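Participant: Letter by letter, the chains look like this.
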Amino acid sequence: MAPSDVAIIGVGLHPFGRYPGKSALQMGEDAVIEALGDAGVEWPAVQALYAGSMEVKNPEAIVGLLGLTGVPGRAVFTGCATGATSLAMAANAIRLGDADIAIAIGLDKHQRGAFSDHPSVSGLPDWYGEAGLFLTTHFFGMKINRYMHDHGIPAETLAQVSEKAFANGAKNPNAWRRKPLSADEVLASPVLNYPLTQYMYCGPDEGAAAAVVCRADIAHRYTSQPVYLRASTLRSRREGAFELLSPSLPLATADSVTVDASREAYEQAGIGPEDVDIVQLQDTDAGSEVIHMAENGFCADGEQVALLASGETRIGGRLPINTDGGLLVNGEPVGASGLRQVYELVNQLRGRAGDRQVEGAQVGYAQLYGAPGTAAVTILST
Amino acid sequence: MTTQVPLAEGLFTWPAEDPALIGGLASDGSFVFPYRQYKLVGGVREELERVELPRRGTLWTFTTQRFRPPAPPYAGADDAHSFQPFAVGYVELPGALRVEARLTESDPAKLRIGQEMELRIVPFGTDADGNETVLYAFAPVSEEAPHGTE
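Line order of the protein sequences matches chains Z and G. Here the first sequence is numbered in this note's numbering, starting from 1 and rising by one per residue. Here the second sequence is numbered in this note's numbering, starting from 383 and rising by one per residue.
Keep in mind that the hints were calculated from the coordinates and are not lab data. It is possible that some hints are incorrect.
Short, incomplete list of chain Z residues facing chain G, as computed with Cβ under 10 Å [as the list claims (entries may be wrong)]:
id: 1; residue: I33
id: 2; residue: H118
id: 3; residue: Y194
id: 4; residue: T223
Covered by chain Z, according to a simulated footprint, are these stretches of chain G (three or more residues, beta-carbon under 8 Å) [to be verified]:
id: 5; stretch: 388–394
id: 6; stretch: 414–425
id: 7; stretch: 456–463
id: 8; stretch: 481–495
In silico DSBU-like cross-links for lysine-lysine, where the CA-CA straight-line distance does not exceed 30 Å [as the list claims (entries may be wrong)]:
id: 9; chain 1: Z; residue 1: K143; chain 2: G; residue 2: K421
id: 10; chain 1: G; residue 1: K421; chain 2: Z; residue 2: K22
id: 11; chain 1: Z; residue 1: K143; chain 2: Z; residue 2: K179
id: 12; chain 1: Z; residue 1: K143; chain 2: Z; residue 2: K22
id: 13; chain 1: Z; residue 1: K57; chain 2: Z; residue 2: K179
Being a predicted model, the structure only gives us computed values, none of them experimental. All C-beta atoms, glycine included, are put in the ideal place defined by N, C-alpha and C.
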């Protein structure tokens with residue numbers, strides 16, 4: 001394993017869900033206070049702040065709730081990969097010597113229903129939205145439909161992903177959806193975008209998460225259980241990759257952007273997928289988890305059928321994936337989602353995940369994917 | 383009597399007896415759709431040739447849209463009650479590219495990856511002047527009937 005110069009010493013979460021009357025910034029405040037308490041760091045000691053949000057234009061305004069210490073505060077946004085970016089930028093502030101202690105924060109509060117915006121925010125023409133094509137969900141349906149066709153994957157495999165997510169959610173006191181669902185119930189729910197059914201999709205919601213990072217060499221002043229940042233990558237799509245919101249695609253294909261981000265992360269960390277004990281994948285939908293298992297190197301295309309059927313990706317299996325229920329049961333407050341992954345991994349690596357604990361977990365892996373064809377990977381270890 | 387106008391100019395030849403999608407062709411042989419005037423090719427900005435794309439191709443993948451998309455930006459003539467689910471897919475146009483389009487067949491049981499598709503210009507909605515707007519879509523080519531006899 002490559003050496004690390006940055007450690008995570010505290011994490012906090014405002015559970016994801018629906019909180020009428022509570023603002024995204026207030027949820028962020030709760031997450032930060034939990035993370036600071038976990039780290040044993042007082043707010044005035046934080047020397048750099050990176051906050052990500054889709055709905056709040058200036059999430060760094062959270063300093064108004066935490067205390068006006070003059071800390072350099074910056075907003076970051078890379079779509080669904082925002083959580084990984086705020087963590088990476090906080091880590092870079094440590095590496096550059098700008099700060100000994102920094103904090104990454106994500107917070108969001110979305111309306112119900114599918115994400116909606118003007119196509120111009122993604123560089124697309126007006127008619128694309130008018131025609132009803134500006135929907136990320138179309139991509140998820142089309143990508144998994146082709147993938148199932150190419151690799152012989154039945155709908156049951158997708159249903160097993162959701163069944164696992166809801167089983168993990170039932171064990172997670174912070175989860176939004178806590179009722180177990182059988183694969184049959186998932187398959188019987190309405191088809192939203194063929195072949196994806198209602199319970200194969202995550203929903204936008206509300207919540208916040210935070211992580212306190214510091215120079216690795218001073219981490220033991222704060223905790224006996226630092227978790228080290230081993231890799232942090234983000235890539236944009238290459239010509240020929242099949243990604244979100246593409247009015248056309250060239251005939252010559254290229255690997256998905258997740259493959260690029262993943263390979264680079266393994267190189268940074270000096271490990272391979274076989275060294276990973278616990279995994280968080282972007283499961284915007286059950287099909288995405290299936291595809292991302294292969295794109296992140298955890299199996300060959302098509303092997304997901306056997307892995308899901310034999311329960312290998314459940315807690316207690318060989319390769320536990322989305323142990324907190326992932327996006328499918330927590331929903332996606334976009335700015336916070338990546339730091340929710342980090343929150344779960346850090347708690348697992350510190351052995352304090354309760355009923356969901358993966359025994360002996362030492363290396364954790366988190367992947368994010370979203371518009372406009374961006375993927376990020378974070379690797380953590382004890 | 384209203385006139386049929388394209389939802390947006392420059393997407394397809396119109397009016398035309400045998401309409402075609404309009405793409406751009408670069409000197410390296412790569413295509414773009416929708417057409418745009420310029421593209422960086424090998425680091426150099428070049429003007430693209432305006433070309434008509436093949437009218438037929440094969441269905442590369444597809445999905446369905448069960449609920450009315452959020453409006454705006456969606457501008458269909460339907461409302462929440464009259465909305466009819468539709469399908470959307472990528473159609474591989476041989477020698478050119480894969481184009482994303484609405485499909486005229488909305489039942490996934492009647493769609494198959496690899497099946498032959500052909501371009502149609504279909505009614506879509508109404509513009510601010512009361513004209514009927516039309517949009518490109520792809521329709522399955524009847525597999526029973528010989529070409530051109532549907």
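Participant: Hint by hint, say whether it matches the structure.
Facilitator: Now the hints, each set against the structure:
1. With 10 Å as the threshold, the beta carbon of I33 of chain Z stays out of range of chain G, its nearest partner Cβ sitting at about 35 Å, so the hint is violated.
2. The beta carbon of H118 of chain Z is positioned within 10 Å of a beta carbon in chain G (closest approach about 6 Å), and the interface hint is therefore held.
3. The closest approach between the C-beta of Y194 of chain Z and any C-beta of chain G is roughly 4 Å, which is under the 10 Å cut-off, so the hint is satisfied.
4. A hinted interface residue such as T223 of chain Z counts as satisfied when its beta carbon comes closer than 10 Å to some beta carbon of chain G; here the least separation is about 45 Å, so the hint is violated.
5. Coverage of the stretch 388–394 of chain G by chain Z holds in this model, with 3 residues showing a Cβ closer than 8 Å to a Cβ of that chain against a need of three.
6. As drawn, the stretch 414–425 of chain G meets chain Z at 3 residues by the rule of a beta-carbon pair under 8 Å; at three or more, the given contact holds.
7. For a cut-off of 8 Å, the count of residues in the stretch 456–463 of chain G with a CB near a CB of chain Z stands at 3, and the three-residue condition holds.
8. With a threshold of 8 Å between beta carbons, the proposed coverage of the stretch 481–495 of chain G by chain Z holds, since 5 of its residues qualify and at least three are required.
9. For the proposed pair K143 of chain Z and K421 of chain G, the alpha carbon gap of about 27 Å is at most 30 Å, so the pair holds.
10. Distance hint between K421 of chain G and K22 of chain Z is unfulfilled; the C-alpha atoms sit about 47 Å from each other, more than 30 Å.
11. The straight-line distance between the Cα atoms of K143 of chain Z and K179 of chain Z is roughly 28 Å, inside the 30 Å bound, and the hint therefore holds.
12. Taking the CA atoms of K143 of chain Z and K22 of chain Z, the gap is near 36 Å; set against the 30 Å cutoff, the hint is violated.
13. Distance check on the hinted pair: K57 of chain Z and K179 of chain Z sit about 34 Å apart at the alpha-carbon level, beyond 30 Å; violated.
The structure fails hints 1, 4, 10, 12, 13 (numbered hints given earlier, in ascending order).
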